[in-house]
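S.K.: Both chains come to you apart, so use the hints to assemble them.
Line by line, the protein sequences give chains G and E.
To get the numbering used here, take the position in the first sequence, counting from 1, and add 640.
To get the numbering used here, take the position in the second sequence, counting from 1, and add 16.
Derived from the structure by calculation, the hints contain no laboratory data.
One or more of the hints may lead you astray.
[Stated by the list, open to error] Taking CB as the label site, the calculated pair distances span:
no.: 1; chain 1: G; residue 1: R1079; chain 2: E; residue 2: P288; range: 45 to 53 angstroms
no.: 2; chain 1: E; residue 1: A64; chain 2: G; residue 2: N1076; range: 49 to 57 angstroms
no.: 3; chain 1: G; residue 1: I1009; chain 2: E; residue 2: H109; range: 42 to 50 angstroms
[What the hints assert, rightly or not] If you only want the chain E side, here are some residues facing chain G, beta carbon under 8 angstroms, derived:
no.: 4; residue: V49
no.: 5; residue: P52
no.: 6; residue: D137
no.: 7; residue: G138
no.: 8; residue: A139
no.: 9; residue: S156
Small disclaimer: the values here were computed from a predicted structure and weren't measured.
Think of the CB as a built atom: it goes at the ideal place given N, C-alpha and C, for glycine as much as any other residue.
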Amino acid sequence: MLKTFKKGGVHPAENKLSANAPIVTAEIPKTATIPLGQHIGAPASPIVKKGDQVKVGQVIAQSSGFVSANIHSSVSGTVAKIDDIIDATGFKKPCIIITVEGDEWLEEINRSSDIDKNLNHKSADIINKVKEAGIVGLGGATFPSHIKLSVPPGKTAEVLLINGVECEPYLTADHRLMLEKGEEMIIGTKLLMIALGVSKGAIGIENNKPDAIKHLQEIVKNYEGIEVVPLKVKYPQGGEKQLIKAVINREVPSGTLPIEVGAVVHNVGTAFAVYEAVQKNKPLLERVVTVTGKSVSNPSNFMVRIGTPTTQLIEAAGGLPQDTGKVVSGGPMMGKALSNLGVPITKGSSGVLLFKKDEASRRLIQPCIRCAKCVTVCPMGLEPYLLMNQTEMQNWEEVENNRTMDCIECGSCMYTCPADRPLLDYIRLGKSTVGNIIRSRKQ
Amino acid sequence: MSITIIYTIISLSALGVTAAIILYFVAQKFKVVEDPRIDQVEEMLPGANCGGCGFPGCRGFADALVKADDISNYNCPVSDAQAMVDIAGVLGHEATAADPKIAVVRCNGTCDNRKSVNNYDGAKTCSIEAALYAGDTGCSFGCFGHGDCVDACTFDAMYMDSKTGLPVIIDDKCVACGACVKACPKNIIELRNKGKKDRRIFVSCVNEDKGGPAKKACSVACIGCGKCVKVCPFDAITIENNLAYIDYNKCKLCRKCVVECPTNAIHELNFPPRKPVAEKTEAVIKENSTENKD
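Bound-form chain E, shown alone (with noise of 0.2 angstroms):
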């Protein structure tokens, strides 16, 4: 055997020996001492980094909450009500569940209800017509119907339908991490508390236009006309620049409002279809046909 092969030998040893010896005092000197309980929470988290509580990722989250004295302000809007209470548990802290909240798109300006006035010729994201026009509706508040929101969506829980050219929320998928609010440049999409057997009621419009410039550019336009307000027991709607809001804490979910308003401008959602309403309609439709008769 070649005395080579043991010099390598020993020489290589010593090297490691050596680098793992500086090494141990490196690592000594350079120690970060994390608190396990960080560890413990991101577990704890459903770990997809969307951002949703305000914070860089489901780590950022965590290492936020375990320096937090008090964590009452702090929600993962993409886990359910119990995971924040066993995370305050970890914590020593207490904590109520918070009402789940869902993504709600404010707009119903289809193509039908909402005529186009001019072309646009631009690129096709609603971030750069936002920057360049009102939108080629008469309506300058609505939806532009590129899908920035749907491109932001991380969740798969939006969708572009093809027929109305606005975008529709899938309830089950979507977990109101509020991506979608962020990307709108219009400030459509909104959200809003979950509601009793996922039930809600909500204006879907924007338009902060008088009345008969919001009713000429959108059929379904809120024309601020306040019978909603009047018509509300529990003081729940309010009305600003010419457009009514509905407070989703106060509204008690009667669908008062839903039959009052004039242009249908309030919507409501997953509610069982109501019998006088139907009536209502028959009778209208006979009375139609009479007149076709006559």
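Chain G on its own, in the form it takes in the complex (with noise of 0.2 angstroms):
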């Protein structure tokens, strides 16, 4: 029997529409748009200023905290303006916006696709490679990696864990990465787990990517320590909770780190941008990018260049398809709508997804009828419609008492539940008051 988390999860369709596109090198976009605030934590400070030449590869802005990575040019050119551009939710971001020249790389930079299978590296080059890289999570959380990488004291890693999951429907980002550039991925692999001092790693894929999971399986052969587990197809198994569960069996604690339990999770994605950071100097300037729906007439997997607007990709799939309801960034479960499509991609962009307008609206809100589907389907063992009620009566005390920051808002209860209920909508912003809340006390 294969492996999976025990609690809850659900299992939407999968539509994998692209999962046979390979990936293709998306054309530079004529101006980049450069968000300075890409990760989890304090936006990058720009050291940059307008009319700068920049090179592919050149930082333009600096980490500005201890939670904060540095962002890098991914194209080359003249800095227009350093401006608040409108984002995805509408609200003005501070952004470095490039006028494409040419494409002119810092020689530093080794662009051959030969592989590097040199591991001889000191843990402490690797972990400040991924830093001076500005690698962060992309498989959607965009956390800074340096971190995870540096294990704080008193804790020990026990296991490395690569996320190949990709249990969002729709997505194929990660898929096509592991089956083009999996020798690549594996090394990615092995230098982490160098960084973290561990002698354990394991490849969790989900059983719908066979081809992935057996290419993987031919590679590893040449790479000790690393296995890949095939993993029963259930959502959200690529949480990092849920992951560490279905592969060893082990429960993170209630509020607390995966590395209580000895285990550190990366997505194969900043595996691969790890491989290319330390053996081929290559800061993370691009990523994979899947985009598709049911209307896009040509669903692809793209590689672009950070800052590329999304309009630009949607033109490349086919274009814009006339019953378009909906543009989210992301997964169909996890993803956000877009408010503009003039958005560019980031760090944290998996995928763009179009929905026809009969597949993007809500339907009409109904009374709870108790069925407990929710419960059910829970995979941190919440009561969602529980943690709705309180949430709307604001007992913020109660939201608290019932675990409400435990929530990873994967989105099965609100996915799952018969009376079309908001349960993620209200859950978020319980969320974010006790969040408040807990902050202020602390103070």
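M.R.: Below, the structure written as structure tokens:
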């Protein structure tokens, strides 16, 4: 029997339309809009100014705190301006806008596609390279990776888990990356293992990607200590805590980080970025993005420079269909709807998903029928209906006592609710309010 | 008569007397001495328990008033000014009557003035929409129109205007408890002085964008042009973050700024209609009609 996590979970229609589309390098945009806040934590502070000439790979904004990351130019050209641009949520966020001229790379970046198998690195060097390269978690959470690699004192890492689950329907970016850059990704995994000082590594992949599992199983024969673990298809297996439970059968206690049970989880995209940063000296300036949807004429996977406008990618995948009702950045379960299409691709964009009008709108909200389906599917063992009610009544103490902060916002409760209640909307509100209460209490 | 009945009566009476004696001593031991003035002050408060004073209910406020050395900073917005003076008299303090206040909605982004640029499909409450994104119009500061403020109002002093999609405050009912101010995630509602004869002038906009984007998002947005600042004879208007703000303590209700504002972002309430403006509009209409004839 295949491994999986125990509590809850759902199985939405997979719709992996672009699974067989090879990764295509997207055209370099005419202007690149690079946001300063592409990661969790403090936005980076710009070190270029208007009129400066930049090359591909040059640092244009520096990490400005403990939880922060460097940002590199993904194109070469002139800095047109540093200005506030309306982002996906409609608010203004500072961005560096670069007018592209040619494609001139920094000399120290090795652009050859030969696989560099040299594993003779020191842990501190790798962590430093990861930090310099501005690598953040590419699964979507965009947490700066170098922090995850520095194990806090008193804790020991035992095993590195690589997340190749890609449990979100529609998305195939990680799947294609594992197939096409498998060996590089495995070397990246090995580098991460050296950085953490662990001897065991496991790559969790859901069973709906048999080609990727087979391909990687062939490759890991040459690399000691790495195992490919096929997993049963179940959403949200790509959640950090769910993956740990599924692969090594350990439960991360409430309110703690995975390192508590000796595990560190990184995405396959991150492992590939680490390979490029350490072996090729190439900072994080491009990523794989899936552009898909039932109405898209040509669902594709693109290797995209950070800062490319979303519209350009939609054009490259066959243009915006007439009946598009909603464009989502990310997957259908956890992705966020874009309020305008001019927003650029950032480090955290794993996909651009187009929904038809009839797929896009929510159904009428009906009263709760007490079926407790949301409780059954919650992978964190919470009671979503209760959290929603308590949040609605602003009973913040009860919301906190019912562990709202444990919610991973996977959306399984809302997906399964037969009364179409906006459970996650309320839980998110509860999480942010309770989070503020907890923070003010600590001060 | 059975002896059982007599035994029952005697034993129960004995139990009762013993319990009464114990209870008497317990009551003596745990007696709470409460200032009788707390009850007296509570009587004088409206009993709405709205929390507008910042204390948990009227009893809590009465308790705080009695314990306070100086009650000049305490105010029950619901009672009229005289009530606070009376309470101060009971407690032996001096008090000046605070100016009555009223809630004011500082957004005029009606469906016509502020076009929607996307469709919001989530739960219909302002707090959730605010947590998700900037809203379904081009203005990221304005009213969402789901009525969190109306839900928060315990005095039935607000309603949502279905035509404009904006909340409306009923002057007679609003007691300035501040519940709507707290409920609004966009900080649109402000408590302002009620003003002489209920006359008020305020900037009905909270958009901090620069002029161009603000005007593009909403036709009645404050564009921070500063014309009102120049025209104000009392230095009551300041501009911060491209947004004008009228200090109601300095404003003398001369209405010069209302005329001057190029986007009609400054509103006047409860003033009698003024003649020159009416003539002006007529003149404009005449001009237009002559143009049409040409």
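S.K.: Are the hints correct? Go through all of them and say.
M.R.: Status of the hints after comparison with the structure:
The supplied range of 45 to 53 angstroms is met by G/R1079 and E/P288, whose beta-carbon atoms lie about 51 angstroms from each other. Separation of E/A64 from G/N1076 is about 28 angstroms and departs from the stated range, judged on CB atoms against 49 to 57 angstroms. For the pair G/I1009 and E/H109, the beta carbons lie near 57 angstroms from each other, so the given range of 42 to 50 angstroms is not met. With 8 angstroms as the threshold, the beta carbon of E/V49 stays out of range of chain G, its nearest partner Cβ sitting at about 31 angstroms, so the hint is violated.
The closest approach between the C-beta of E/P52 and any C-beta of chain G is roughly 34 angstroms, which is over the 8 angstroms cut-off, so the hint fails. The restraint placing E/D137 at the interface with chain G holds, with a minimum CB-CB distance near 5 angstroms, inside the 8 angstroms limit. This hint holds: E/G138 has a C-beta 5 angstroms from the nearest C-beta of chain G, less than the 8 angstroms allowed. A least Cβ separation of about 4 angstroms between E/A139 and chain G falls short of the 8 angstroms threshold, and the interface hint therefore holds.
Using the Cβ-Cβ criterion of 8 angstroms, the hint placing E/S156 at the interface with chain G is satisfied: the shortest such distance is roughly 5 angstroms.
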